[in-house]
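**Student:** Listed below, chain by chain, are the residues.
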Amino acid sequence: MFKILKKEKLAPLVFGFEIEAPEIARKAKPGQFVVLRIDELGERIPLTIYDFNEKNSSISLIFQEVGKTTRQLASLSRGDFIGDVVGPLGKPSEIKNFGTVVCVAGGVGAAVIFPIARALKKAGNRVITILGARNKELLILEKELSSISDDFFITTDDGSKGKCGVCTDILEGLIEGGQEINRVIAVGPAIMMKFVCETTRPHGIKMIVSLNSIMVDGTGMCGSCRVTVGGETKFCCVDGPEFDGHLVDFDELMNRQKMYLEEENTSLKEHEAKELKKGKCGCKRDK
Amino acid sequence: MKKNNQRSIPKRVPMREQSAKERALNFNEVALGYGPEEAVAEASRCLQCKSAPCMRGCPVEVDIPSFVSLIAEGDFDAAIKKIKEKNCLPAICGRVCPQENQCEKFCTLSKKGEPLAIGRLEKFVADHERESGKISLPKKKGPTNKKVAVIGSGPAGLACAGDLAKLGHSVTIFEALHKSGGVLAYGIPEFRLPKTVVEKEIDFIKKLGAEIKTNIVIGKTKMIDELFSEGYDAVFLGTGAGLPRFLRVPGENLNGVYSANEFLTRANLMKAYLFPKYDTPIKRGENVVVVGGGNVAMDSARTALRLGAKNVYLLYRRTEEEMPARREEVQHAKEEGIKFRILATPKRFIGVDGWITAVECIKTRLGEPDESGRRKPVIKEGSDFLLPADVVIIAIGTMANPVLLEATPDIELNGKGYIAVKKNFRTSKEGVFAGGDITTGSATVILAIGTGKTAALEINNYLLT
Ligand SMILES: Cc1cc2nc3c(=O)[nH]c(=O)nc-3n(C[C@H](O)[C@H](O)[C@H](O)COP(=O)(O)OP(=O)(O)OC[C@H]3O[C@@H](n4cnc5c(N)ncnc54)[C@H](O)[C@@H]3O)c2cc1C
Ligand SMILES: Cc1cc2nc3c(=O)[nH]c(=O)nc-3n(C[C@H](O)[C@H](O)[C@H](O)COP(=O)(O)OP(=O)(O)OC[C@H]3O[C@@H](n4cnc5c(N)ncnc54)[C@H](O)[C@@H]3O)c2cc1C
Ligand code: SF4
Ligand code: SF4
Ligand code: FES
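Chains as they are written, first to last, in my numbering: chain F, 43 to 329; chain V, 210 to 674.
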């Protein structure tokens, strides 16, 4: 059992948890994730380790409510327990002094990119961060990211904050403006990562993406997370989650992410019905 | 004379099973097992051969004549104790051992008729003990003050841990998943091996004194060298051969195409057959194609059927004769209505809008024998045919899981990528031993138990000298 030490609401539908997990905290490196299962009936879902504190023996996770499991997770409070948390899983990010690195984050991708960007900064890189979201309310980790970035840009689809448009606009501007870029790292929805890759491809800039395929065990045992990279099948959980973005078959990834759309809806509806029956609205805490 | 003999040996007592029609619609255990009278009657067929040829076929050398004669006398408690001297997981082995190739193959009775039903009798006494709730513990040696870490809670790890605990060592099992049992928990389906049975046998290992820590991936959460610095004196690796193989033909990543490991893990470990009560989803196909001919393929096909498939096709590139699956499982699968398509192999998977719709297959014939002695399938050009499919399950075997091996480059591997062990189960790393599928490639539960037990003795020698 893993105790929730702290809970924070970062944006509508986005929460941060600090969880007691000394063994994971001791080993975690930027780019790695955990797989958790709330209780006996639960499914196993992957979440990135946003931060780790060896002294506090805790890890932090940031997640967005998108379906049944994340909704149920959001209903937990400080002091509650999560049944199973395993990690750190996946290969850590490659952290070196590359020169100038542009970190592009879309939505909760900000949570994945923060520990990577921070480590890159510490390794001596010039870090340029582009943070994108649909609107101002959905921007997370603005302060944290800007504090470790040499240059920091915000884009929103509706222009409610920063530049109106998508993050690739800024990236294109930087490239065209003659900014030397040694590496670009993008994390966010698959479609956004695909477009970032298309932006850097003609310029031959090294491109890293962190993929979010559907997973079960997270230890290379099932193959649920397979992705095609450079024409070869890779397992996202053990070979990744980071890959050379120019080699990733994003259309396949997006297709595979839709595999359980129907079942996910059923699951969420059942969960909502249960919440209603309990007389709770389900928007805050139903415990 | 010969005729007389045949008459004097009564026929094997049949075991009650759920009917094929009934069981194809539920996940309950197929085999209902013997009752006490049936068990006594079957046990009484044993000739108590002096040389006990049956024991030669058992990798852990269960004293078969003795436990069988105790059943014949009706002393079931003593019978299970006798088995447990050698085999700590009898309710599991009685169910899943390929007895026809092991103990029962060598039984003298088989020369004149059907061999003694050793597996069924083992299952009977193990179930009898579990249901009675009176589980007796064997004597343990006094504490040695030595600590052993066992990695993986499959049959190899469980057996090794159980025996080490009996020898007085302090044992901790580390398991990557949230549940222990390895393939017994995530792979073999409920209808063949009920999970309550697995849990109870694991409880027995815990009662012997072994502690199990789940959710710990050695090589990620903790390194082997850290275990030594934390005070463990030896390490046993029983991590299994858990990396699924794929066919590498076009269309394999279409939605609806599963590895058997994923399909069975969703169904068994995550209980997806009870979705939406359990959160983990699984695709319920109407037309399901399973590729392969082993136990894993049979389990996948029969699981798909129970999830409501109309047609389940089993595609195998050799003939039924070469199928590595247990005869009984092939028989059960056929009775339940699995459609065998032998001498054929997938050429490509065809999809519409990203979802599998059909498998393009090609026929094969048997050619010259390969290294394994089995005749190699040869493709018959121009013999393509289509099978409709909305779910495909690939069950063509597994390889060594890389997670631990990548983290410990100082452990040498053999040519096939499995851990290389010397005769005494030692790896190339000081104090580290290994057994089970991670050293042999996919094998059987009882072989994994056998290696785990022998390794426990070797570890004991290592610790006490
Ligand atoms: C390596 C990795 C790191 C991730 N890190 C984060 C993170 O830090 N914060 C965050 O908010 N999300 C993260 N995700 C995504 C997160 O796992 C999914 O949002 C979550 O599983 C959705 O579960 P659900 O039941 O709430 O939604 P569902 O209704 O089940 O699904 C909603 C969406 O989530 C995807 N999804 C469903 N099940 C899984 C699964 N088992 N694994 C992956 N995706 C799934 C589906 O494709 C679907 O698009 C990460 C995913 C991966 C693979
Ligand atoms: C579907 C299926 C049906 C089968 N049917 C039969 C049958 O009828 N009869 C028969 O005799 N055999 C059968 N087998 C084969 C048999 O199950 C295996 O040979 C046996 O389980 C191998 O045991 P093991 O202990 O070596 O490994 P496993 O059972 O594979 O257990 C290994 C365990 O180690 C854990 N692990 C792996 N890496 C790590 C790590 N780094 N850190 C911590 N833990 C780790 C895994 O999660 C797993 O729990 C079947 C196999 C399958 C897949
Ligand atoms: S353990 Fe398996 S091989 Fe040995 S006697 Fe029992 S059923 Fe036969
Ligand atoms: S070989 Fe058969 S008949 Fe002889 S002792 Fe063994 S089980 Fe009994
Ligand atoms: S999630 Fe199972 S292999 Fe990656």
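No lab work stands behind these hints: they were computed from the structure.
Since the model is a prediction, treat every value here as computed from it, not as a measurement.
Don't take every hint at face value.
As the list claims (entries may be wrong) - Each computed DSS-like pair below joins lysine-lysine, with the alpha-carbon atoms no more than 27 Å apart: (1) F:Lys300 to V:Lys343; (2) F:Lys248 to F:Lys51; (3) V:Lys486 to F:Lys319.
Stated by the list, open to error - From the derived model, a few chain F residues whose C-beta atoms are all more than 10 Å from chain V: (4) Gly58; (5) Lys69; (6) Ser117; (7) Arg120; (8) Gly125; (9) Lys138; (10) Gly141; (11) Lys205; (12) Phe237; (13) Lys248; (14) Thr261; (15) Tyr302; (16) Glu306; (17) Ser309; (18) Glu312.
The beta-carbon is built from N, C-alpha and C at its ideal position, and this holds for glycine as well.
**Student:** Each hint needs a verdict: does it hold in this structure or not?
**Tutor:** Against the structure, the hints:
no., hint, result
1, F:Lys300 to V:Lys343, "50 Å, violated"
2, F:Lys248 to F:Lys51, "35 Å, violated"
3, V:Lys486 to F:Lys319, "16 Å, holds"
4, Gly58, "22 Å, holds"
5, Lys69, "6 Å, violated"
6, Ser117, "14 Å, holds"
7, Arg120, "22 Å, holds"
8, Gly125, "7 Å, violated"
9, Lys138, "20 Å, holds"
10, Gly141, "29 Å, holds"
11, Lys205, "34 Å, holds"
12, Phe237, "20 Å, holds"
13, Lys248, "23 Å, holds"
14, Thr261, "5 Å, violated"
15, Tyr302, "4 Å, violated"
16, Glu306, "7 Å, violated"
17, Ser309, "5 Å, violated"
18, Glu312, "5 Å, violated"
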